[in-house]
Each structure stands twice: as structure tokens, then as C-alpha cells.
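Engineer: As a plain string of letters, each chain reads:
2 protein chains.
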Amino acid sequence: MITLYDLAVEGDRRPSPYCWRTKYVLKHKGLAWRDEPVGFTEKEKIAFAQSQTVPVIHDGATVVKDSWAIARHLDEAYPNNPLFANEAALSHARFVAGWADSVVQPALFPIIVGDLYERVRPADQAYFRETRGKRIGTTDFAGFQKAARDKGVVAFRTVLEPARRVLKEQAFLAGAKPAYPDYALAGSLLWAHIASPLVLLEPDDPVYAWRERMLDLFDGLGRKAKAA
Amino acid sequence: MITLYDLAVEGDRRPSPYCWRTKYVLKHKGLAWRDEPVGFTEKEKIAFAQSQTVPVIHDGATVVKDSWAIARHLDEAYPNNPLFANEAALSHARFVAGWADSVVQPALFPIIVGDLYERVRPADQAYFRETRGKRIGTTDFAGFQKAARDKGVVAFRTVLEPARRVLKEQAFLAGAKPAYPDYALAGSLLWAHIASPLVLLEPDDPVYAWRERMLDLFDGLGRKAKAA
Chain A
4 MITLYDLAVE GDRRPSPYCW RTKYVLKHKG LAWRDEPVGF TEKEKIAFAQ SQTVPVIHDG
64 ATVVKDSWAI ARHLDEAYPN NPLFANEAAL SHARFVAGWA DSVVQPALFP IIVGDLYERV
124 RPADQAYFRE TRGKRIGTTD FAGFQKAARD KGVVAFRTVL EPARRVLKEQ AFLAGAKPAY
184 PDYALAGSLL WAHIASPLVL LEPDDPVYAW RERMLDLFDG LGRKAKAA
Chain B
4 MITLYDLAVE GDRRPSPYCW RTKYVLKHKG LAWRDEPVGF TEKEKIAFAQ SQTVPVIHDG
64 ATVVKDSWAI ARHLDEAYPN NPLFANEAAL SHARFVAGWA DSVVQPALFP IIVGDLYERV
124 RPADQAYFRE TRGKRIGTTD FAGFQKAARD KGVVAFRTVL EPARRVLKEQ AFLAGAKPAY
184 PDYALAGSLL WAHIASPLVL LEPDDPVYAW RERMLDLFDG LGRKAKAA
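Here the protein sequences line up with chains A and B, keeping their order.
Counted the way the numbering used here counts, the first sequence spans residues 4 to 231.
Counted the way the numbering used here counts, the second sequence spans residues 4 to 231.
I should point out that these hints are in silico values taken from the structure, not numbers from a laboratory.
Just so you know, nobody snuck in bad clues.
It does not matter which identical chain is meant; a pair holds if it fits inside one copy or across any two.
Here are the simulated DSS-like cross-link-like pairs (lysine-lysine), alpha carbons at most 30 Å apart as the crow flies:
#1 32 / 171
#2 137 / 171
#3 154 / 137
#4 149 / 229
#5 68 / 48
#6 32 / 180
#7 229 / 68
#8 171 / 68
Could you put the whole structure together from the sequences, leaning on the hints where they help?
Structural biologist: See below:
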């Protein structure tokens with residue numbers, strides 16, 4: 004049995020975009036897993052993996068950290084429903100995951116940081132203030148978020164344009180069926196969805212319809228998740 | 004024999020990023036072509052294709068306009084060295100081309116527009132002033148470019164981050180060998196390279212080394228091009 008160490012905040016919500024990638028990959032591969040919630044400061048729970056961050060998985064005797072390494076491991080270890088069957092699939096996944104990490108999430112962070120902070124466990128608030136405060140240069144997360152939202156939501160929609168162009172032509176970023184590029188972007192949007200009530204997308208946006216499909220996927224894995 | 008209608012500016016330079024995509028695709032497929040230069044205002048040369056823009060190709064009796072449609076046509080008509088052999092390759096190409104169109108080129112345009120204007124054929128200058136002036140709200144292209152460059156070059160390097168992350172791991176965006184994603188981004192960078200002497204990339208950037216590989220490709224197709 005696989006164990007997934009998944010970031011948990013107040014009310015047992017699970018916001019981590021990288022843990023979402025892993026959950027989607029597990030479902031894609033048809034694998035069951037045991038879930039282990041980890042607060043921001045419960046580093047001792049994942050110390051066995053020499054990791055400071057989740058996701059981490061325990062797959063039998065094998066320990067893997069980092070969502071990309073986990074996806075590669077699971078795809079190699081379990082042949083069912085391959086994610087990286089050819090070089091194009093692997094390269095596509097790398098590009099879209101790198102884009103989500105370096106563009107989409109940095110565009111989301113300022114407009115949800117106040118809501119995120121409100122949902123962090125009380126025991127983890129000092130840690131969040133310290134680490135995230137350093138990133139944005141203030142610990143007034145509510146004030147920072149308010150200022151960022153004036154232009155930030157429209158700017159965020161613009162950032163999604165490369166995905167939008169693809170989703171005008173096909174149901175998923177990977178084609179007729181979802182695969183790793185979809186899981187990468189879905190993870191980013193679920194992070195916002197779970198941490199913040201902010202309305203990010205307009206209903207006539209092809210990305211909105213795609214997000215609906217992603218929320219429904221795997222018997223509503225994303226839709227059933229406790230949101231803000 | 005295939006005829007390619009390719010945008011030409013002063014000194015028979017060929018800056019169009021979309022025409023570059025077509026030239027790379029033709030080479031990738033091992034196809035020879037006859038070249039037909041077209042100035043910005045020589046719309047009558049491509050009127051037969053019901054197109055206002057290049058690239059346009061004449062492939063026997065078949066006329067195709069738009070770089071993406073041309074790539075799809077050539078890949079279907081000529082089985083050699085497929086570009087879109089599977090759904091992942093097609094989806095990857097769509098994403099990266101959409102990213103180059105909607106993010107990379109809009110980030111490049113303000114920092115090269117003055118140099119572009121200097122190289123337009125005298126007969127096409129009024130057309131360029133009219134159409135590009137409308138886009139940026141001024142016809143003082145040199146002044147606009149100067150102001151844009153203060154922050155624009157560093158911002159442009161940041162924009163390339165998704166490609167950079169992939170190119171740290173593999174030689175080309177498509178994997179061990181180049182394919183459409185590489186041709187799409189190479190087209191954008193060749194546009195700048197041919198139109199402007201501006202130094203865009205730092206030598207220690209993985210994107211720089213990749214661009215060198217792209218310039219060398221197909222017996223130096225890009226490197227032999229008359230640059231600024």
C-alpha cells in the first residue's frame with residue numbers, strides 16, 4: 004500500500020498544488036493510497052524522506068519525495084495507463100509543470116495569500132508568517148492581498164492564455180483525455196479553490212469549462228475536496 | 004515543388020517568426036521549396052490564398068495559409084519524419100506555439116519595435132506606422148523602444164523561464180531532437196535576431212545554448228540568415 008503525506012490546514016483542508024498533482028497521478032494510474040495529513044511545521048513526519056516539503060510517498064520499501072520524482076517513479080513502477088509513454092508526453096509534462104510552477108502559481112500567490120494565512124493551523128501561523136512574509140516583504144497578508152487583487156485577478160486570467168488557446172481546440176491540455184499537464188495546472192487551481200473563496204475565472208472562459216471537467220474527474224476527486 | 008511566401012524587409016532580411024516556423028517545418032520534413040519574398044504591403048502577391056498575412060504556401064495545387072495549418076498540412080501530406088505522430092506531440096506543439104504567440108512575442112515586440120521599423124522597406128514604412136502605431140499607441144518607435152528596454156530585457160528573460168526549466172533537463176523542448184515546440188520558440192527569437200542587434204540572452208542561460216543549437220540546425224539555416 005502507498006502512503007501519501009499531504010499538506011493539511013485548518014478543517015483538514017488539503018491545499019498543496021504539488022500534493023494534488025500526486026493525487027491525480029495516483030488516480031490516473033489506478034492506485035489506492037493511505038493518506039497522512041502533515042501540517043506546515045510537522046517536519047518530523049517526513050524526516051524519514053530527508054524532505055522538508057510534501058508530497059512524499061512511501062511505496063512499499065521505496066520512499067520518494069517531490070511531485071515530479073513521484074510521478075516518474077509511479078509511471079515506471081506501475082505500467083497501467085502510462086503518463087510518459089513517449090518523449091513528447093514527457094516533454095509536454097515538463098513544460099506545462101514548469102509553467103505552472105514559475106508563472107501560474109506566482110501570479111496566484113499574491114491574490115490568495117491572505118485567505119491562505121487565515122486557513123493555516125494556529126500552530127503553523129508563525130511558520131507561515133516567517134516564510135511567506137519573507138517572500139513578499141510583509142506579514143500584513145490581508146492588506147497585501149487586497150492591494151494585489153485590484154489588478155491581480157485580470158492579470159491572472161491573462162497568464163492562463165497559453166492553456167486557453169489549447170482548450171479552445173481540445174478537451175484537455177493532453178488531448179482528448181487528461182494527463183500530467185492537466186494535473187499540473189489543476190493542482191495550481193485547486194490550491195486557490197481550497198484556500199480562497201475568490202472567483203478566479205469567468206464562466207465563458209474555456210479554462211472554466213476545463214476546470215469543471217477536472218473537478219469531476221475520478222468520481223469528483225477535486226469537487227469533493229473541502230474548499231474555502 | 005512547394006513555394007513559400009516569406010516576409011521580406013530591407014536588404015532581403017526575413018524576420019517573420021511565423022515564416023521561420025514554416026521554414027523549419029519544411030526542413031524537418033526534408034522538403035525543398037522555392038522562396039518568394041513579400042513586403043508588408045505586397046498583399047496582391049498572396050491574394051490568391053485569401054490571406055492578408057504570410058506564411059502562405061503553394062504545394063502543387065494546394066494553397067495553405069497560417070503557419071499552424073501549414074505544419075498540419077505538411078505533416079499529413081508527407082509521412083517522412085512526423086511532427087505530430089501522437090496526441091502528446093500535437094498537444095505539446097499547440098501549447099508551446101500558443102505560449103510563444105501570446106507571451107514571448109508580446110514581450111519582445113516593445114524592445115525591438117524601433118529596430119524593426121528601421122529595417123522595414125521604405126515602401127512599407129507608412130503601413131508599419133499605421134498598424135504597429137495603433138498597437139502601441141505611438142509612432143515614435145525609437146522612443147518607445149528605448150523606454151521599454153530599461154526593464155524589458157530582464158522581464159523578457161524571466162518570461163522564458165518555462166523553456167529554461169525544460170532545457171536544463173534536455174537538449175530540445177521536444178526531447179533529444181527538435182520538433183515543432185522548438186521551431187515555434189526559435190521563430191520568435193529569430194525574429195528579434197534578424198530585426199535587432201539587441202543582446203537578449205546571457206551566455207550562461209540554458210536558453211542561449213539551445214538557441215545556438217537551433218541556429219546550427221539544418222546546416223545553419225538560422226545562422227546563415229542575414230541578421231541585424
